[in-house]
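Can you make the complete structure from the sequences, with help from the hints?
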Amino acid sequence: MSDAGHFADVPLLAAEVPYFRVPRDDWELVLARARQLGANTICARVPWAWHEPRRGEVDLEGITDLRRDLPGFVRLCGRLGLRVILRPGPLVGAGLLASGIPPWLLRDHPEVHALLPDGHPRRHAASGLPHACALHPAYLAAARRWMAAFSRAALPLQSPAGPVVALQVDGGTGYALPADTGPGPQLRLDYNPYVTDVLWPQWLSQMTGDRRPAEAETDIGTTADAEAIAGAGWSLVLGRWSIPHTFAPPADLDELRRYAALEAFADWCHARALAAVVGWLREDGWSVPLCHSPPVTSWQAVSAIDAPGLARAVGWLGYRAPAGEVGGGSRLSSEEYVHLAHWRPRLARTLSPAHPVFVAETSAAQDFRFVAPLIGGAQALILSPLVQTQPDNPAVAARERWGMDAPLRPDGSARPRFWNAKTVFTLLGAAGADFAAARVPADVALGCSRVPERVAAWGRRLVEPGTAGGFPPEAAALRDAMAGCDHAARGQALAQRLVRAGISFDVVDLDAASPAELARYTLLLVPACGVLARATQERLVGCANLALVGDARILYDEHLAPCTLLDDAERGAPTRETGDEIACSPPEVAGRGSQPTRSRIRLPEDVDAGRVAELVEAWGGTGRHGWADAPEVDVGVRHGAAHTYVLIANRQPAPYSGTIAYRSPAGEVLHLHVNMGGWRAGAVMLLGDEVVGAAFGGDASEGGWLARGLFGSVVFNAGAGAVAPCGGGLLLTAPGSGRFQLRRREGWEGLAAHRLLLGGGLLPAAVHVEATHASLPYVAEDERGCTDLYALLPAGAVVPVALRSYLGALLVM
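Residue numbers (my numbering): 57 to 869.
Because the hints were derived from the structure by calculation, they are not lab data.
Each pair of labels, with its calculated beta carbon distance range: (1) Phe303 x Gly676: 43 to 53 angstroms; (2) Gly488 x Glu837: 21 to 31 angstroms; (3) Ala591 x Ala304: 26 to 36 angstroms; (4) Phe303 x Asp340: 35 to 45 angstroms; (5) Gly175 x Pro450: 27 to 37 angstroms; (6) Asp65 x Pro850: 23 to 33 angstroms; (7) His729 x Glu117: 56 to 66 angstroms; (8) Asp607 x Glu673: 23 to 33 angstroms; (9) Arg556 x Arg840: 44 to 54 angstroms; (10) Arg553 x Gly676: 14 to 24 angstroms; (11) Arg667 x Ala532: 24 to 34 angstroms; (12) Ala204 x Leu818: 45 to 55 angstroms; (13) Ala197 x Gly341: 13 to 23 angstroms.
Cβ coordinates follow ideal geometry from the N, Cα and C atoms, glycine included.
Encoded structure:
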């Protein structure tokens with residue numbers, strides 16, 4: 057990674073601490089708990105409304121309230137060996153009034169309110185206050201002053217001089233879309249007059265380069281006209297067309313072009329708002345990585361967010377996994393599971409390849425949700441929040457309580473869910489740089505494009521009674537253009553089948569990926585659709601690994617001008633029927649020697665994932681890198697320089713006891729036997745086929761878990777727990793009392809056991825050793841206190857550096 061100094065040394069394991077909600081006297085205790093959780097990084101939102109309660113009265117030094125001492129909080133994190141990611145906004149979310157925008161700004165400047173199409177303010181869900189128009193000059197001027205004040209206070213603490221290693225930019229770009237309720241596409245746009253009357257004409261001018269007078273109106277009826285659209289952007293069909301405030305389904309291709317232009321404009325607005333904040337921070341002298349996580353969306357509404365555009369604007373894009381309990385009536389659907397645990401991390405991986413794949417907000421309320429993103433490739437988890445507050449800070453909070461699913465109570469004591477994060481963090485923290493740089497193998501890629509999604513947003517409004525498929529007979533061009541354009545939803549449906557078949561895949565942005573990046577994969581699966589950008593079609597024509605899925609013909613470019621580059625190449629090539637696809641013989645894939653190849657094949661919309669695996673294998677690749685002997689158990693594999701990591705998700709309510717197969721870096725198939733509870737997830741760290749560490753979720757009522765390789769095994773009989781290597785010994789942690797049973801090739805001679813309490817006490821402990829086996833009774837809590845962890849260490853040896861640093865941090869408190 058390019059940011060090796062920040063994130064290649066250890067994985068990013070973070071907890072969010074709301075310093076402005078926690079009494080100043082409790083900061084040390086909460087940060088000590090973060091270290092005990094296994095976090096190496098603290099995330100902190102910096103609410104503008106809290107630090108500038110009245111216009112011009114900015115306090116970032118704790119003068120008016122000790123909880124406003126931002127530099128003091130950051131320095132305290134540094135003293136404890138914790139890195140820091142700050143989130144200065146301007147929007148920060150987190151259940152704050154107006155998402156952290158000062159109420160005085162919204163009160164004194166009603167012209168900055170973000171508006172709905174009917175002219176009413178777009179209101180913040182938690183507080184009911186209006187959202188701000190993120191591009192209005194009055195808002196931008198005030199936000200710029202705030203960001204400058206923040207930089208003056210925090211910039212001296214930037215790494216390497218201080219502990220601040222990254223900034224998260226804006227927490228509400230996209231105007232907190234109500235995407236989970238399936239909004240009409242027009243709701244993506246802010247109807248503030250500055251947007252509709254000023255920015256819209258500017259955008260048109262930028263898109264067209266003023267190649268045609270704005271008053272021109274042209275009917276698109278000839279090939280020459282269509283080619284002109286491709287050269288002159290949208291202006292030929294838009295002219296002086298004003299943004300409407302009421303909408304009807306598009307009746308012809310011209311209306312569809314206008315609506316698609318509105319979608320492109322909304323994307324531009326969101327990205328421009330984000331880019332403005334990025335520019336300010338760079339101007340102020342920030343050189344650390346900048347990141348962003350867009351609003352949460354359901355899998356059906358994923359196309360409501362232009363993830364590729366936001367990634368280009370900021371450089372490092374993560375995503376959020378919403379909180380919620382698994383089990384009963386609120387269990388993750390299989391679709392949402394694939395979306396959050398597989399689709400999102402694999403898209404983030406290709407959109408921001410120089411940075412860790414990070415879940416910017418996730419909850420430890422349930423172990424499965426917390427661990428699941430690791431299955432699909434997440435490298436960093438940010439637990440949000442770490443501590444509950446009750447009552448919340450009345451100066452900025454929208455509700456009386458906040459963070460009810462937090463692992464820490466308001467007094468700093470740990471709930472059992474504390475170990476949902478601690479077990480995983482303990483294992484990954486022990487893996488260190490090896491896990492941070494571990495490779496997630498994938499020979500299959502799913503291609504996605506933003507361009508057809510802009511069309512699909514309006515296609516969903518076309519279903520009318522009495523029309524075949526929602527299209528009148530005279531609207532053939534409209535039907536052809538919209539065919540298959542729900543690209544993201546179709547891609548996720550395909551991803552769901554791949555996950556069930558255990559096929560590892562990436563998700564790539566077709567509009568940004570280079571030919572070399574596309575050629576890295578044995579098979580590139582692209583849902584066929586009526587519209588793809590002209591440059592994208594040109595790249596795909598040359599892809600010898602391309603498989604189009606579905607029967608739509610690709611007939612139009614991003615401006616909905618006729619463009620049949622890919623269709624012509626497909627139809628012009630000599631083809632032969634091969635049962636469920638049409639194939640032709642292309643040049644060989646670069647770098648694959650004499651492996652058999654095909655290009656421009658067609659697969660049916662409902663293609664079986666087994667057929668995909670057959671194609672990958674036939675073309676010289678590997679479809680499955682890890683798999684279980686049960687259909688509802690998913691396996692993710694990573695290859696580090698020293699270790700292999702196997703991540704396992706049991707998506708069935710019944711416990712799983714079976715064999716996991718995984719490929720070594722050399723391609724050799726090895727095996728791992730696993731026992732785990734229903735709807736649980738876990739991680740195993742291996743050296744070849746020897747188990748050297750493991751972390752699994754669960755509770756005592758469902759029994760324990762086991763991970764056993766050819767050499768080495770770990771067993772715990774009482775629910776969740778973790779075992780992690782530490783020097784020549786081990787660290788063990790669990791929320792409940794039980795017994796760990798351990799086996800390793802070199803045995804346990806000369807090791808002594810120690811019990812460390814959350815309160816800081818260090819006590820001797822018992823361990824029973826017999827040759828290569830060890831048995832350690834684990835006491836989670838007794839009259840002496842609550843256990844942090846047990847350590848098995850060589851007697852008389854120097855304490856390993858990582859553990860010494862950890863213990864030293866606790867002594868500081």
